[in-house]
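Engineer: Residue strings, one per chain:
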Amino acid sequence: MSTFSGTDEELMLSYKAGDRAAFEELFSRYKSRIYNYFLRHLGDWATAEDLFQKTFLRLHKARERYHPTAAFSTWIYTIATNLLRDESAKLKVRPPLAAIAEEKPAELSAVTLQAGDRANPEEILSEGELRKRIATAVRALPLEQREAFVLAKYEGRGCREIANIVGSTEGAVKVRIHRAVKALRISLGEFAYEM
Amino acid sequence: MRCEEIEGLITASLAGGLTGEEQAVLQAHLKGCSACVAKLREMERTWNALDAWRDEEPPILLTEAVKGQILRELAAESQARVFTPARLLMGAALGVVLSAVAMFFLPGRPAFSAISPTLLLSCGTFWAGVFGFASLLTLRDQAKGLVNWRGVGLAGLLGMGASMALTRSCSVLTIIEVCRRTAWGSTVLDTVGLEGAYFLLGALYAAAPLMAVSPFLRKRQASRPLVQGLASGALLFALLMPAILLQCEPFTAGVVTSWIVGTLVGSLIGGPAGSWAASRLAGAYT
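As they're listed, the protein sequences go chains A and B.
Counting with the numbering used here, you get residues 18 to 212 for the letters of the first sequence.
Counting with the numbering used here, you get residues 110 to 395 for the letters of the second sequence.
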């Protein structure tokens, strides 16, 4: 049971000084967040677990360089995002669906509307199936859009913090999130409205 | 503002990324544009539908393995910081120097020629070891934990210094002599006996120094003053033992035993009491 009530930054400074209990508390706070961050991007449990381990080991090795001028969450998500980019470069994933949504949104919208927005109007989706469709649609987004969107929607990061994490501007982050949501709205179509 | 520009603000508002000014611009536009209101509703539906993709718990085997690996590395680093070659050398050197100083300045010690070589060597070696250990504790990096080991080392060394200063200014033998010469003192001695007197004085000369140095250690307290105090008391007792043995030649076995036991009791009471007082002073007692 945790007896710590300090901020993430206070815990990180204690951990930097070698405090094991402070590390345990930080780990407890962020393990689920970091794991799900990778799982949402990759969809591959083995790779997500590998990157999860690498994130915390890298954090451990680099802890001497931490300064409280940066929020701890920005720091750990930056480490995670850099690992994710390295992994994506290895995989060279470029989803075709997102490319269509990004480059020709008007045409795709037209197709969806003409078909009555759904291939099978009678289809009823279970929650599990809807999750799968969402996962597929999100993973089909270009990496930059996916990063910004996942950090905003599922990790609860603000646009300014996301900009610091991904190394961009706040304005660019907002554009990426907007494009991501627009693409998802097209991808998910009417299915989303059954929830 | 045009509807194309407002679309971006709509999404940003869902992500909580609007400034107050942007929020005001959006609200003002929505009041007069039903198309954008419809768009907002659509985006909201999509945004909320995405909540269906819930978090998963990370596998326990994974989290325990990663946590365990890092904790082991932290423990290894902590050990390495304490026992670096430089620190070991410095601790050993300080141990020898401090034991020599204690040996020379010990009040009540008979001449070196009158002490058996075995006792001299044993006490000197033991003293060098304990002083060295106490010095090593004061040199280590301090991580937060149950006990502040640097505080323990300092309590032992400062307590030993205070005890020797107290003994030089007013030794146990002097007090016994005063008691013998005064009426009230004689009464006390008759009541407790010589062995009882040495027990009480041994306890006093251990407990009082530990209490006296506590204000200097208020920044060296951890979360368990009792445990830290017991450790400090045990260290001081180990430091005082050779001093007692080097002075005990003229005494009976009973007196020496009482003196040693009294010193032990005083150390184990004074240590926690001093740590508790230091914690109170630091405002860190919980």
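It should be emphasised that the hints constitute simulated quantities derived from the structure, not laboratory data.
We treat Cβ as the ideally placed atom computed from N, Cα and C, and that holds for glycine.
Incorrect hints may appear among the rest.
[Claimed, not checked] Which stretches of chain B does chain A cover? Using the computed rule of at least three CB atoms under 8 Å from a CB of chain A, they are:
id, segment
1, 151-158
2, 170-176
3, 230-237
4, 263-271
[Claimed, not checked] Short derived list, chain B residues pointing at chain A, Cβ under 10 Å:
id, residue
5, GLU116
6, LEU215
7, GLY217
Engineer: All hints are to be evaluated individually against the structure, with a verdict given for each.
Structural biologist: Evaluation of the provided hints:
1. 151-158: Result for this restraint: holds, n = 7.
2. 170-176: Coverage by chain A holds here, the residue count being 5 at a Cβ distance below 8 Å.
3. 230-237: This one is violated; 0 residues, fewer than the three required, reach chain A with a Cβ under 8 Å.
4. 263-271: violated (count 0)
5. GLU116: 7 Å, holds
6. LEU215: With a closest approach of 38 Å, the LEU215/B hint is violated.
7. GLY217: Violated, about 43 Å.
When held up to the earlier numbered hints, the structure conflicts with 3, 4, 6 and 7 and fits the remainder.
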